[in-house]
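J.: Sequence:
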Amino acid sequence: MRPVWVAGEAAISSWELSAAAVARSTGARPVGSVALVPTLQPPEAPRSGQTDTYHGEVVADPYRWLEDSASDATRSWVAAQCQVTEEVLSALGGRDHLRDRLRRAWDHQRRQVPVGRGTRWFQERNTGLQDQDVLYVMDAPGDEGSVLLDPNAFSDAGTVSVPSFALSPQGNLLAYATSESGSDWMTWHVRDVAGGRDRDDILSWSKFGNAAWASDESGFYYPMAPPPLAGQELTASNAPVRIAYHRLGTPQRDDVVVYEPPRPDWMADAEVTEDGRYLVVTVRVGTGTETRVEVLDLEQPDAGMSVLVEGFTCRAEVVCRAGGAFLVMTDAGAPRGRLVRVQPGAAGPDEWEEVVGEKPGLLLGARNCGGRLLCHYLVDACSAVHVHGMDGALLDELVLPELSSLSQRYSAAGAEGREGSDVAHFKLSSFTSPGQVWAYDVSTGVLVPAQSPQTGPGLAHAVPGGGPPSAPAAVRVAAGGLAGASRDLVTEQVFVEVEGIGRVPVFLVHRRDVHPDGDVPVLLWGYGGFNIPVTPAYSPWTAVFAELGGLLAVAVLPGGGEYGREWYEAGRLANKQNVFTSFCECARWLVSSGWSRPSRIAMNGGSNGGLLVGACLTQQPELFGAAVPEVGVLDMLRYHLFTIGWAWKSDYGDPADPVQYRWLRAYSPLHNVDPGATHPHVMVVTADHDDRVVPAHSFKFAAEMQHACRGGKAKVLLRVERSAGHGHGIPTGKLIDERADVLAFLDWAVGPLDRGARP
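Each step along the sequence shown adds one to the number in my numbering, with nothing skipped, and position 365 is 632.
Bear in mind the hints are in silico, worked out from the structure with no lab data behind them. For each residue, glycine too, the CB sits at the ideal point set by N, CA and C. Hints are not guaranteed to be accurate.
[To be verified] Each pair of labels, with its calculated beta carbon distance range:
hint: 1; residue 1: D532; residue 2: D363; range: 46 to 52 Å
hint: 2; residue 1: E764; residue 2: E500; range: 46 to 52 Å
hint: 3; residue 1: G785; residue 2: D363; range: 29 to 35 Å
hint: 4; residue 1: P783; residue 2: A933; range: 30 to 36 Å
hint: 5; residue 1: T945; residue 2: V414; range: 28 to 34 Å
hint: 6; residue 1: S485; residue 2: P611; range: 23 to 29 Å
hint: 7; residue 1: S485; residue 2: D532; range: 29 to 35 Å
hint: 8; residue 1: D663; residue 2: V414; range: 33 to 39 Å
Starting from the given sequences, assemble the full structure and let the hints guide the process.
T.: Okay, here's the thing in structure tokens:
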């Protein structure tokens, strides 16, 4: 049964299946096992006369009514859209084959890094096709252990996930949050590890943060949000969360607020230092990178919070306590990051003591493991690990496989370890390997694979190998691979020169027998925002795309978190257009380098990456044969009015400001659709429970694109996943179905895929 938004009855516009007619009008050819290519006329959305005036400019918003996702009109229109999309994808014929390929690609064991607390160890695992990962408890990292928490038992459909959990210092208690249907709203529970049973503590209406245990395990700190009004849970603007303390065994109404942001645009997160002495509250303005750090001495709580790092002038994150001071990672005086020692009460950066200075690579995170500082760097978007003593002396540089990266599932540091343990664990992955857990002994410098993945059918094993990152070059090719990597696939890194930006890295993943011939189907993916790094990571569906003969091209764009402050600033606020320009230049390079041609290039991205796809679609439609924007921010004039959208002003700007409005108006995908342009095929993807980027963005954009393309060659589909949110917590079964739909669409739009036999 395919996902369809359940709604009232709606008339569905007719469409025909005629391969001959399409071939005559578009030059399309059958792809894969597809015998018929549909032409369609999706249900047209009524256009209203709604207008708004922004700083003297009148702007039409004819689909404002689609913002009300609960209305009968919206639900009927969406239901009709989904039914058309389902019938079209069914008619393509190759979707069942693609779904089977995806199921085999997903069907491999996945294990996250083991986490030690007290005498116990904990690890998230998935046998392959389980909808949600399962948390195990063990006596040692390599043990089989037993199930502690299985979210798959919470819902028959697998739609209840555990987006966050926190283990108490001695490993006796587990605080875990549940989320339903992919919503950002979380409910906290507490489980006794020894007995495997939940306590009575249940904390509702939490959002955007983790739990942090007190050292005596009497309770924990967590993000508390004001409950929304009934019926507005998925759309209402979210007020900033407070940091509250919950003492076990007491009702939530008695929880004590220990930090309340004095301004509505401050977002706070809390952690407790490993020695249990201090609560550290890190505050950002919206989603900006500049921070303010306050600390509470838990031995003298009545003294209240004190400021450790003042006022949002730099990035500053506490790594640990050392010798009575705080070790802080900062970009103050070092755009690529450094480690400094900050004494409580220090006036500012002039009084900070440098421990590890700035290096050519970007310092992404650091962790104190056994009295050693494991520093995670990015070199051209790939991981490198340097080991320093607490005095800053360089002790070791780990040799990692080329074009790989450390998983940041638990922290940007990549490594999981404790101050009192000599063993650290991390997980390495690449575009061609599902990932491998490694163990590093900080006392001996020995680095060994701790656990290797078991590959599913269709994936071959490769011999582990590799070496240190090579010097920047025109092209880098992975010299070795991780265990579990596909023998059929290779990864290269190239650098595309963009005027005014410089070198833009692009990862190319393809089958060994696929070479530039001007006709290779391409999936060009990007993000470019919020200082978030894009690094090598395995995705079953993009691996299948490459195994079928396509080229996966992953662009590392300005605005991301790969090269430090200057790179981030080059893609935010007034400079946001640089992100779109760079992405389009990567598309041009794919043509000029001989890999492909525009009609064979599809672009894809989600969330901020959905904005990227929407902006490039409306600015340079001639460069692409297909576009798949997913859960995208597409209405840049009203994005700040829903849920957490107000926080993104730090990256995008504020439409209420006349200067910033002009930036936003210039590239807002919804407001720049050109009815006279020749557009590529489009499939807009969203989910009905997305309460981060509300589905109204996708509804309105799909309606506008369909209006512009009506009567033309481009086909515009809308796919809405039911009982799902912004991407996290989607059950594996739903993921496989969703990716099968996307691959079927790409196979039709820019294929054919499955281009020949392997060597």
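J.: The hint says 28 to 34 Å between T945 and V414; measuring C-beta to C-beta, is that right?
T.: The hinted range 28 to 34 Å is violated for T945 and V414, with Cβ atoms some 55 Å apart.
J.: Can you tell me whether the CB distance of G785 to D363 sits inside 29 to 35 Å?
T.: This hint holds: roughly 31 Å between Cβ atoms.
J.: Per the hint of 46 to 52 Å, is the separation of the Cβ atoms of E764 and E500 within bounds?
T.: 47 Å, holds
J.: Falls inside 23 to 29 Å, the C-beta gap from S485 to P611?
T.: 25 Å, holds
J.: In this structure, is the beta-carbon distance linking P783 and A933 contained in 30 to 36 Å?
T.: 35 Å, holds
J.: Kindly confirm whether 33 to 39 Å is satisfied by the beta carbon distance between D663 and V414.
T.: 36 Å, holds
J.: Are D532 and D363 spaced within 46 to 52 Å by their CB atoms?
T.: For D363 against D532, whose Cβ atoms are near 49 Å apart, the range 46 to 52 Å holds.
J.: Do the Cβ positions of S485 and D532 conform to the proposed distance bound of 29 to 35 Å?
T.: Distance hint for S485, D532 holds at roughly 33 Å.
The structure fails to meet hint 5 from the earlier list, while all remaining hints are met.
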